[in-house]
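Trainee: Sequence:
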Amino acid sequence: MARTGKDGDPRCSFCDKAQNEVRRLIAGPPSVYICDECVGLCGELIAEEGAAQAGPPAGLPRPREIHAFLDEYVIGQDDAKRALSVAVHNHYKRVRATAGDPVELGKSNILLVGPTGSGKTYLVRTLARLLDVPFAVADATALTEAGYVGEDVETMLLSLVRAAGHDLAKAGTGIVYIDEIDKIARRGGGNPSITRDVSGEGVQQGLLKILEGTVANVAPQGGRKHPQQEFLQLDTTNVLFIAGGAFAGLEEIIERRVARRGAGFGAVPPARDDDLLSQVMPQDLLAYGLIPEFVGRLPVVAALRPLDVTALTRILTEPRNALTRQYRRLLELDGVELAFEEDAVAAVAEQALLRRTGARAARAILEEVLLNVMYEVPSRDDVARVVITRDTVLSNVNPTLVPRDQRGTTRHERSA
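Quick note: the sequence shown uses UniProt numbering, first residue 1, plus one each step.
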């Protein structure tokens, strides 16, 4: 029904306000109008419903299903997988909970503690792929307190917004992994700094609200804030933050605490170095240099063990996208088969362990070993198969080439 005043002037068909009572009245079908205030109210209602419904696809995986998926790509680290599976499942159950739920569900961000190359980033990236949510990695070492040279803490959210295709509702249910979080521990460990700590304690303070949940101003072009720039507003209440770091020296802090507790008769024998991180407690993180408020916003702590030769060997061969499978596929694209002798894989694992950077070292070693092969083989039509031996890895001996002759048969020959 048309809305008009006594004088015939149009009125909003929804709130019945006259044209002179609103800033703008928009005409629709004949004699139907809507004012700017009602348009704004409709937009807010749609945004609220979209935010409530946004999140992972229907059928949220159960913790066991998440763990099983991680097993396909990540070797070992069962304790960390279990903790992550439960925490992530609970987080997205919380996201799906209705606003009128009688019990308010708290947010549980996650802290991963483990040596370089143990799989922290890869675990989180694999999780995000399973859940099909936007995922971003931020480097804590680039962050500084607001007003100083470096990046504001809000800038780490820009990658998440971009990963979501600038869909703020979708970005609001994504995952942010903050790497190298141990590098923002305050100077002097657990002792308060007497000087301004702009890249340590200052950054921790700046992250508190974002971790807990706030509406953050995100600069769409990145960089520092300036008055002329218009910001995107991202609500981080349902963003899952996972922080990770190597925390070099944390084992000694844990060992001192355990030793004090275990003195006297009936004392428990000291734990092995690779077991110490699994005993990490909040007081150890405080002694390392994280402030209490920051530790409190990362209630789930999971430790990853250092990789040994056995684990590295399995990483090279067992996962769905194992490193040896990746390089085999690269040569398959050139029509050449790549084979690794069993003791050659073990040699790669042994050398990677010596470099002390875990799985990253294994990839670096394979790149070095296969460099000449990947350079020469694509230009040769006579090679059918390449065999990597232990001597190839340890002594830089040329790999075995199996050429194809005109009759379609093969014969072994050692490359010159």
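It should be emphasised that the hints constitute simulated quantities derived from the structure, not laboratory data. Think of the CB as a built atom: it goes at the ideal place given N, C-alpha and C, for glycine as much as any other residue. Take these hints with a grain of salt, some might be off.
As the list claims (entries may be wrong) - Distance windows between CB atoms, simulated:
| hint | residue 1 | residue 2 | range |
| --- | --- | --- | --- |
| 1 | 376 | 230 | 53 to 59 Å |
| 2 | 142 | 37 | 42 to 48 Å |
| 3 | 282 | 328 | 41 to 47 Å |
| 4 | 249 | 214 | 30 to 36 Å |
| 5 | 249 | 72 | 30 to 36 Å |
| 6 | 387 | 142 | 41 to 47 Å |
| 7 | 37 | 329 | 55 to 61 Å |
| 8 | 45 | 255 | 52 to 58 Å |
Trainee: Run every hint past the structure and note whether it holds.
Mentor: How the hints compare with the structure:
| no. | hint | verdict |
| --- | --- | --- |
| 1 | 376 with 230: 53 to 59 Å | holds (54 Å) |
| 2 | 142 with 37: 42 to 48 Å | holds (43 Å) |
| 3 | 282 with 328: 41 to 47 Å | holds (45 Å) |
| 4 | 249 with 214: 30 to 36 Å | holds (32 Å) |
| 5 | 249 with 72: 30 to 36 Å | holds (34 Å) |
| 6 | 387 with 142: 41 to 47 Å | holds (44 Å) |
| 7 | 37 with 329: 55 to 61 Å | holds (59 Å) |
| 8 | 45 with 255: 52 to 58 Å | holds (57 Å) |
Taken one by one, the earlier hints all hold for this structure without exception.
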